[in-house]
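Undergrad: Okay, here's what each chain looks like letter by letter:
Protein chains: 2
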Amino acid sequence: MQSAVYAAVGQLVGAGQRDTMTIPEVADLAGVNPTSIYRRWGSIDALLGEVAVAALTQGEPLPDTGVLRDDIAEWASVIAADVGRPKRRAYLRAMVAARDDVVEACPCWEVRREQAEEMIARASERGEATPSVRQLLDHVIAPLYHHAVFGLAVDDAYVAELVDDVVAMLGAAPGSAGGR
Amino acid sequence: MQSAVYAAVGQLVGAGQRDTMTIPEVADLAGVNPTSIYRRWGSIDALLGEVAVAALTQGEPLPDTGVLRDDIAEWASVIAADVGRPKRRAYLRAMVAARDDVVEACPCWEVRREQAEEMIARASERGEATPSVRQLLDHVIAPLYHHAVFGLAVDDAYVAELVDDVVAMLGAAPGSAGGR
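From first to last, the protein sequence lines are chains A and B.
Take the first sequence: its letters are residues 12 to 191, numbered as in my numbering.
Take the second sequence: its letters are residues 12 to 191, numbered as in my numbering.
It is possible that part of the hints are untrue.
Note: identical chains are not told apart, hence a pair may lie in one copy or across any two.
What the hints assert, rightly or not - Result set (SDA-like, lysine to any residue): computed pairs, CA atoms no more than 25 Å apart in a straight line: (1) K98 - S54; (2) K98 - T31; (3) K98 - L163; (4) K98 - D166; (5) K98 - Y169; (6) K98 - R29; (7) K98 - A164; (8) K98 - D56; (9) K98 - L73; (10) K98 - I55; (11) K98 - A65; (12) K98 - L40; (13) K98 - D75.
Because the hints were derived from the structure by calculation, they are not lab data.
With the hints as constraints, model all of the structure from the sequences given.
TA: See below:
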């Protein structure tokens, strides 16, 4: 049932019906009973939030180039290409709209945190200086998402600037490094 | 008429009706003719976008402490306190929702850009090393807005970390400084 429901939500988001879709519509399109959707997800916002997280965090394996800077650049570039697509932007905005009810940590952000932790841990093992996980999230992911959500440009040149910036932070303050 | 309409929109946003308000409702509350609102703003989304920009960018004068780092810290702290308020968050999300139609540069972002330019120009005149305007926007404003929009914490400790980060960038790469 989950994949049919996810696909139906994706189809409605793609058709520009993100803000207006209802559980009966999703149920009809997915060929399942609306009651089952109500029982499992509770509300259309909860369902939409879950599908958005799934859509935004699935995808390519984490880069492992052997050099942290290159890992970050590749990681950021995949995310930028992803959030730059209109349908993904619609999902991102759906996440934002769902935030009023979801006061817990944003699950989409949590996936990025785990990925940042893994890349930084590998770099530390290799003896590289590293930014903290927070720095990677705040200075690479946040600006990318911010640009995407507000309709600003998210291109390769922009990604390269962000990567330069986060690497520059590193060189300046070795005391603040170490993958915290 | 503008102030009555802005006040009516503000009242409806405050009452949690951001997503459902209509032009006739706003007109009724403001005591103006709906036709005048349609003629001037065209749609409820355009009106809501304009009010959101006004709400998000009005306020305190730009800090002028004589030291760029302190200017940035004060500026960021005022913005953080502002976007951390539920009503302002609602406005920010209204801006995000309006983005589908508004492909031009986000006006709210433009106000922050002008403020960053002014603080950096003053610091350059004093002979201080400065980050670029883009760096200030991407690494202080974007993470603050991102946190606010996604319901993550926006407190003084967080602001202090962002300020440290952008100052660290400076020290590391003097070649990239200079207020570009």
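Undergrad: For every hint, state whether the structure bears it out.
TA: Tested hints:
For the identical chains of this complex, K98 and S54 are neighbours both inside a copy (21 Å) and across copies (24 Å), given an alpha-carbon limit of 25 Å. Taking identical chains as interchangeable, the C-alpha atoms of K98 and T31 lie at most 25 Å apart whether they share a chain (16 Å) or sit on different chains (23 Å). Taking CA atoms no more than 25 Å apart as the test, K98 paired with L163 passes in both settings, with 15 Å inside one copy and 24 Å between copies. In the homo-oligomer, the alpha carbons of K98 and D166 lie at most 25 Å apart inside one protomer (17 Å), although the nearest pairing across protomers, at 32 Å, exceeds that limit.
For the identical chains of this complex, K98 and Y169 are intra-copy neighbours only, at 21 Å inside a copy versus 31 Å across copies, given an alpha-carbon limit of 25 Å. Both within a single protomer and between protomers do K98 and R29 lie at most 25 Å apart by alpha-carbon distance, with minima of 10 Å and 23 Å respectively. In this assembly of identical chains, the alpha carbons of K98 and A164 lie at most 25 Å apart only when taken from the same copy (16 Å versus 27 Å across copies). Proximity of K98 to D56 under the C-alpha cut-off of 25 Å is found in both arrangements, the shortest distances being 17 Å within a copy and 20 Å between copies.
In this assembly of identical chains, the alpha carbons of K98 and L73 lie at most 25 Å apart only when taken from the same copy (22 Å versus 38 Å across copies). In the homo-oligomer, the alpha carbons of K98 and I55 lie at most 25 Å apart both inside one protomer (18 Å) and across protomers (23 Å), since each shortest distance falls under that limit. In the homo-oligomer, the alpha carbons of K98 and A65 lie at most 25 Å apart inside one protomer (13 Å), although the nearest pairing across protomers, at 29 Å, exceeds that limit. In the homo-oligomer, the alpha carbons of K98 and L40 lie at most 25 Å apart inside one protomer (19 Å), although the nearest pairing across protomers, at 36 Å, exceeds that limit.
In this assembly of identical chains, K98 and D75 lie within 25 Å of each other by CA distance neither inside one copy nor across copies; the values are 28 Å within and 43 Å between.
Violated hints amount to a single one, hint 13; each of the other numbered hints is respected by the structure.
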